[in-house]
Every structure is written in C-alpha cells, then in structure tokens.
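Trainee: The lines below spell out each chain.
Protein chains: 2
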Amino acid sequence: MIRLVDFGGKGRHRFSPYAWRTKLALAHLGLDYETSEITFLDKSALAGVSDHTQAPVLILGGDVVTDSWEIALYMHATFPAKVPLFADDGQIAFAAYLNAWVPRVLYPIILPMIAVDVITKILPEEQTHYRKTREARLGCSLEEAALNRTALTQDLSAHLEPMRAVLAQSPFLNGTEPGYSDYILGALFLWIRGTSPFQPLCAHDPVAGWRARLFDRYSDLIMATDGYEW
Amino acid sequence: MIRLVDFGGKGRHRFSPYAWRTKLALAHLGLDYETSEITFLDKSALAGVSDHTQAPVLILGGDVVTDSWEIALYMHATFPAKVPLFADDGQIAFAAYLNAWVPRVLYPIILPMIAVDVITKILPEEQTHYRKTREARLGCSLEEAALNRTALTQDLSAHLEPMRAVLAQSPFLNGTEPGYSDYILGALFLWIRGTSPFQPLCAHDPVAGWRARLFDRYSDLIMATDGYEW
Numbered sequence: 003m004i005r006l007v008d009f010g011g012k013g014r015h016r017f018s019p020y021a022w023r024t025k026l027a028l029a030h031l032g033l034d035y036e037t038s039e040i041t042f043l044d045k046s047a048l049a050g051v052s053d054h055t056q057a058p059v060l061i062l063g064g065d066v067v068t069d070s071w072e073i074a075l076y077m078h079a080t081f082p083a084k085v086p087l088f089a090d091d092g093q094i095a096f097a098a099y100l101n102a103w104v105p106r107v108l109y110p111i112i113l114p115m116i117a118v119d120v121i122t123k124i125l126p127e128e129q130t131h132y133r134k135t136r137e138a139r140l141g142c143s144l145e146e147a148a149l150n151r152t153a154l155t156q157d158l159s160a161h162l163e164p165m166r167a168v169l170a171q172s173p174f175l176n177g178t179e180p181g182y183s184d185y186i187l188g189a190l191f192l193w194i195r196g197t198s199p200f201q202p203l204c205a206h207d208p209v210a211g212w213r214a215r216l217f218d219r220y221s222d223l224i225m226a227t228d229g230y231e232w
Numbered sequence: 003m004i005r006l007v008d009f010g011g012k013g014r015h016r017f018s019p020y021a022w023r024t025k026l027a028l029a030h031l032g033l034d035y036e037t038s039e040i041t042f043l044d045k046s047a048l049a050g051v052s053d054h055t056q057a058p059v060l061i062l063g064g065d066v067v068t069d070s071w072e073i074a075l076y077m078h079a080t081f082p083a084k085v086p087l088f089a090d091d092g093q094i095a096f097a098a099y100l101n102a103w104v105p106r107v108l109y110p111i112i113l114p115m116i117a118v119d120v121i122t123k124i125l126p127e128e129q130t131h132y133r134k135t136r137e138a139r140l141g142c143s144l145e146e147a148a149l150n151r152t153a154l155t156q157d158l159s160a161h162l163e164p165m166r167a168v169l170a171q172s173p174f175l176n177g178t179e180p181g182y183s184d185y186i187l188g189a190l191f192l193w194i195r196g197t198s199p200f201q202p203l204c205a206h207d208p209v210a211g212w213r214a215r216l217f218d219r220y221s222d223l224i225m226a227t228d229g230y231e232w
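Chains as they are written, first to last, in this note's numbering: chain A, 3 to 232; chain B, 3 to 232.
Hints in this document: simulated from the structure, not taken from any laboratory. Careful, some of the hints might be misleading.
Unchecked claim - Far from chain A by the CB rule (all over 10 angstroms, computed), these chain B residues: (1) 41; (2) 94; (3) 98; (4) 106; (5) 110; (6) 141; (7) 158; (8) 168; (9) 221; (10) 226.
Said to hold, decoys possible - The calculated EDC-like cross-link candidates involving lysine to aspartate or glutamate, where the alpha carbons are at most 20 angstroms apart (straight line), are: (11) 84/A to 65/A; (12) 123/A to 145/A; (13) 12/A to 44/A; (14) 84/A to 90/B; (15) 84/B to 90/A; (16) 134/B to 157/B; (17) 12/A to 127/A; (18) 84/A to 146/B; (19) 123/B to 53/B; (20) 123/B to 90/B; (21) 84/B to 91/A; (22) 45/B to 65/B.
To be verified - Beta-carbon label-pair distances, calculated as ranges: (23) 55/B to 65/A: 34 to 44 angstroms; (24) 225/B to 63/A: 52 to 62 angstroms; (25) 157/B to 215/A: 55 to 65 angstroms; (26) 145/B to 134/A: 45 to 55 angstroms; (27) 135/B to 231/A: 24 to 34 angstroms; (28) 163/A to 52/B: 41 to 51 angstroms; (29) 35/B to 65/A: 27 to 37 angstroms.
Note that CB positions come from ideal geometry on N, CA and C, so glycine has one too.
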C-alpha cells in the first residue's frame with residue numbers, strides 16, 4: 003500500500019500546494035493510498051521514516067521519496083499508465099521548467115493575497131508560528147499584505163500570459179488530457195481554494211476556464227476537502 | 003525555392019532575434035533558401051509580397067508566412083524530418099510557452115544592456131530612428147540604460163533559473179538534440195552576439211554551457227555573420 007504524508011490544517015482543510023501536486027498525480031494514475039499528516043510544528047508522522055520535514059512524502063515498500071518533483075518522476079517510472087503522468091519527454095521538460103518557475107514567480111504573488119486567510123485554516127496552536135514566519139517573509143503584517151491583493155491580481159495575470167499561449171493550442175497544459183504540468187499550476191489554485199474566498203482570476207480568463215476543467219476532472223478528490231467554491 | 007526575408011544591419015550584421023529563430027530552424031531541417039532583407043525604414047523587399055513589415059517572412063510557392071512562431075509551425079507541418087523541429091507535442095507546448103515568455107520577460111532585460119551597441123551595427127541613416135524609438139521605450143538615453151547592465155545580469159540570471167532545471171535533465175531544452183525551444187532562447191543570445199561585446203552570463207552558468215553547445219552546432223551559419231566571440 004502506498005502511504006502519503008500530507009500537510010494537515012484545521013478540519014478537512016488540506017492546502018499544501020506541493021502535496022496537492024502529488025494527490026492529483028495519484029488520482030491521475032488511479033492509485034489507492036493511505037494518508038497521514040504533519041503540521042508546521044508536529045512532524046511525528048515522519049518519525050522513524052525520514053529526516054525530511056515537509057509534505058509530501060511518499061512511502062512504498064522500502065522506498066521513501068521526498069520532494070514533490072522527485073515523487074512525480076518516481077511515480078512516472080514506477081507506474082506505467084495508458085495516459086501517463088507526462089504525455090511525453092517534452093512534457094517532462096516543460097514540467098521541470100514549471101516546477102522551478104511557479105514557486106519562484108507565482109507563490110510570492112499569491113502568498114500576500116491569501117496569507118491573512120490561510121492563518122484561519124491552520125491549527126490554533128500553530129497560528130503564532132505562521133504569523134511570525136510569514137510576516138518576516140512578507141515584510142509587513144498579514145493584514146497589510148492583503149490590502150494590496152487586488153493590485154496583485156494584475157501582476158498575476160501578466161505572469162500567466164504564456165500559459166494562455168499554451169492553452170490556446172490545447173485544453174490542458176499537458177495536451178488533450180491533463181498531466182503533471184497541469185498539476186503543478188493546478189495545485190497553486192488548490193492552495194487558494196483551500197484557504198481563501200479571494201478570487202484572483204477574471205471569469206473570462208482562459209486560465210479560469212482551464213482551472214474549472216481541471217477541478218471538474220478531480221471534483222471528488224477536491225470536494226472531499228474543505229475550501230471555497232468559485 | 004524557399005525565400006526568407008531577414009532583417010539587415012551594417013555589413014554582415016544580422017541580429018534580429020525573431021529572424022534567427024527561423025534561420026536556426028531552416029538549418030535544423032537542412033533546407034536551402036534565398037535571403038533578402040528589410041531594415042527599420044526600408045521595407046521594399048516585401049513590396050507586393052506582404053503588408054507585414056517585420057522580419058522574418060517565409061515565402062514558398064504561393065505561401066507567405068509571417069510571424070516566427072507561425073513559420074515554425076508551418077515548417078514543422080510542411081517538412082517532416084528524422085529529427086523534427088519539435089521533439090514531440092510536449093515540446094510544442096513548452097515552445098509556445100517560451101515564445102510568449104522570452105520576449106515578455108527577457109527582451110526587456112537585454113534591450114537596455116545592449117541598445118547602446120546595437121545602434122552602431124545598424125545603417126547610419128537609421129540610427130536616429132533607432133535612438134528615438136528605443137529611448138522612448140527605455141525611458142532614458144541608450145548610454146544611461148547601459149550604465150545599469152552589470153546589475154541587470156543578476157536579474158537575467160534569476161529569470162534563467164527554470165532553464166537550468168531543464169538543462170539539468172538534458173543537454174538541450176528540446177532533449178538530447180536541439181529543437182525549436184532551444185532556438186527561441188538561442189536567438190536571444192544571437193541578438194547579443196551580433197551586436198554587443200557585453201557578456202551577460204557567468205562562464206560556469208549551465209546556460210552558458212548550453213549556449214556554447216548550440217552555437218557550436220550551428221557555427222557555420224553563425225560565423226557567416228558579423229558578431230562578437232566569447
């Protein structure tokens with residue numbers, strides 16, 4: 003049995019964007035798995051398993067795989083599928099690019115938008131830790147950062163322009179079927195959906211259409227967790 | 003016979019990054035072609051051919067194809083090859099992304115670095131036009147813009163980080179062999195090579211190693227034009 007170490011929030015809030023990539027990939031491949039959770043301050047689910055302290059971690063037999071990108075390559079190699087996780091080698095190159103680009107360029111835009119909401123979805127005893135570490139990163143209070151969020155949507159939209167060029171050619175970044183390139187970007191929107199009612203995309207944006215197609219494809223998985231609908 | 007409308011500079015300086023994409027693609031496919039040139043102010047090579055006023059334009063029989071991206075897709079469809087211009091559909095998606103991303107993100111960093119050198123490689127009677135239009139875009143004189151170029155190399159290097167993630171997996175962005183994804187980024191470095199002695203990459207940067215591999219592969223084509231070696 004595959005075991006996945008996810009990141010746990012309040013109730014059924016599961017919003018780690020890195021863990022979402024892996025959960026979408028597991029669903030893509032139709033694999034069953036058992037889940038346990040770490041949190042910001044409680045890493046006991048990884049005791050005796052790995053010195054790694056961040057979700058996701060995938061465990062299968064004697065294999066302990068950390069880092070969502072390594073997990074994706076491991077799953078692609080270990081579980082051949084009719085519709086593979088990466089449509090072809092070109093998609094592995096594109097996804098490797100996105101794996102480096104999305105956290106570097108998009109996460110810093112999204113964090114100030116939603117951090118003020120994220121904090122309400124984590125365990126009460128961890129909120130002080132979250133506020134302290136995120137405010138240090140943002141250089142201002144979570145509340146001050148959120149004042150700027152409507153302006154940040156323009157910045158986000160500009161950075162998404164190359165995605166629209168790809169989506170003008172095919173319904174998913176991976177082609178006719180969704181694949182890991184979609185899960186890297188989709189996980190960003192699951193981080194938002196799981197924490198914040200803020201809607202950073204215009205309804206007519208082709209990226210919003212793609213998001214709806216992707217969420218629809220994985221609605222059972224997504225709706226089993228807490229979040230906001232839009 | 004294929005006809006290519008390129009952009010002409012002084013002597014054998016040919017530095018249009020969009021035209022270089024097409025010339026690399028033509029060389030990739032081993033196709034012969036005749037070349038004519040437009041310049042900033044002289045579009046006579048396109049008279050009676052197209053209302054389009056920018057290089058490259060590709061003409062084959064009754065087909066007149068404008069826009070380097072459309073030309074690439076046209077060549078990919080028209081000239082099947084053992085080593086195709088795009089290794090697979092995933093590479094078409096990745097290249098579509100880069101086609102939108104490189105001019106949007108990298109060109110505005112490169113222009114201020116090299117514009118002060120570019121102007122010396124264009125026809126004397128067009129230099130006033132170039133200075134006026136580029137200084138309007140830059141918001142300062144070409145000379146002032148260049149004062150900032152060493153600082154801009156750090157900005158460039160940060161934006162190239164996702165390229166390094168791809169190049170950690172394969173020698174070219176397209177995989178084991180170069181392809182159109184490489185030509186989109188490579189053309190940027192041919193714009194620099196054809197105009198400026200400024201070297202924006204550190205020698206140990208994996209992107210510099212990739213650039214050397216690509217330039218070496220197309221050295222006959224590149225060395226037939228004027229430029230700087232580094």
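Trainee: Look at each hint and say if it fits the structure.
Mentor: Here is what the structure says about each hint:
With a least beta-carbon separation of about 29 angstroms from chain A, residue 41/B lies farther than 10 angstroms from that chain, consistent with its non-interface assignment. Here residue 94/B does not stay apart from chain A, with its beta-carbon only about 7 angstroms from theirs, under the 10 angstroms limit. Not every beta carbon of chain A lies more than 10 angstroms from that of residue 98/B, the smallest distance being close to 5 angstroms; the non-interface claim is violated. With a least beta-carbon separation of about 6 angstroms from chain A, residue 106/B fails to lie farther than 10 angstroms from that chain, contradicting its non-interface assignment.
Distance check on residue 110/B: its Cβ is at least 12 angstroms (rounded) from any Cβ of chain A, clearing the 10 angstroms threshold; non-interface status holds. Its beta-carbon lying about 19 angstroms from the closest one in chain A, residue 141/B satisfies the requirement of being farther than 10 angstroms from that chain. With a closest Cβ-Cβ approach of about 14 angstroms to chain A, residue 158/B is found to remain outside the 10 angstroms limit, as its non-interface label requires. Residue placement check: residue 168/B does not keep its beta carbon more than 10 angstroms from all beta carbons of chain A (closest about 5 angstroms).
At roughly 25 angstroms, the least C-beta separation between residue 221/B and chain A is larger than 10 angstroms, which holds for a residue marked as non-interface. With a least beta-carbon separation of about 30 angstroms from chain A, residue 226/B lies farther than 10 angstroms from that chain, consistent with its non-interface assignment. Distance check on the hinted pair: residue 84/A and residue 65/A sit about 24 angstroms apart at the alpha-carbon level, beyond 20 angstroms; violated. For the hint linking residue 123/A to residue 145/A, the alpha-carbon distance of about 15 angstroms falls within 20 angstroms, and the restraint holds.
Taking the CA atoms of residue 12/A and residue 44/A, the gap is about 14 angstroms. The hint holds against a cut of 20 angstroms. Distance hint between residue 84/A and residue 90/B is fulfilled; the C-alpha atoms sit about 17 angstroms from each other, no more than 20 angstroms. Using a Cα cut-off of 20 angstroms, the hinted pair residue 84/B and residue 90/A holds, with the two alpha carbons roughly 17 angstroms apart. Note on residue 134/B and residue 157/B: the hinted pairing is violated, with a Cα-Cα distance of about 26 angstroms set against a maximum of 20 angstroms.
Note on residue 12/A and residue 127/A: the hinted pairing holds, with a Cα-Cα distance of about 11 angstroms set against a maximum of 20 angstroms. Between residue 84/A and residue 146/B, the direct Cα distance comes to roughly 57 angstroms. Violation of the 20 angstroms bound is thereby established for this hinted pair. Distance restraint check for residue 123/B and residue 53/B: the Cα-Cα separation of roughly 26 angstroms exceeds the 20 angstroms cut-off, and the hinted pair is therefore not satisfied. For the proposed pair residue 123/B and residue 90/B, the alpha carbon gap of about 38 angstroms is over 20 angstroms, so the pair is violated.
A distance of roughly 17 angstroms separates the Cα atoms of residue 84/B and residue 91/A; the hinted pair therefore holds under the 20 angstroms criterion. Only pairs whose Cα atoms come within 20 angstroms are accepted, and residue 45/B paired with residue 65/B is accepted, the gap being roughly 19 angstroms. The hint said 34 to 44 angstroms for the Cβ distance between residue 55/B and residue 65/A, and at roughly 58 angstroms that hint is violated. With their beta carbons about 55 angstroms apart, residue 225/B and residue 63/A fall inside the hinted range of 52 to 62 angstroms.
Between residue 157/B and residue 215/A, the C-beta spacing of about 35 angstroms breaks the proposed range 55 to 65 angstroms. Look at residue 145/B against residue 134/A: about 47 angstroms separates their beta carbons, and that is inside 45 to 55 angstroms. Distance hint for residue 135/B and residue 231/A: a CB-CB separation of about 48 angstroms, inconsistent with the stated range 24 to 34 angstroms. Between residue 163/A and residue 52/B the beta carbons are some 26 angstroms apart, a value that contradicts the proposed interval 41 to 51 angstroms.
Checked against the hint of 27 to 37 angstroms, the pair residue 35/B and residue 65/A fails, with Cβ atoms roughly 53 angstroms apart.
When the structure is compared with the earlier hints, violations turn up for hints 2, 3, 4, 8, 11, 16, 18, 19, 20, 23, 25, 27, 28, 29 and for no others.
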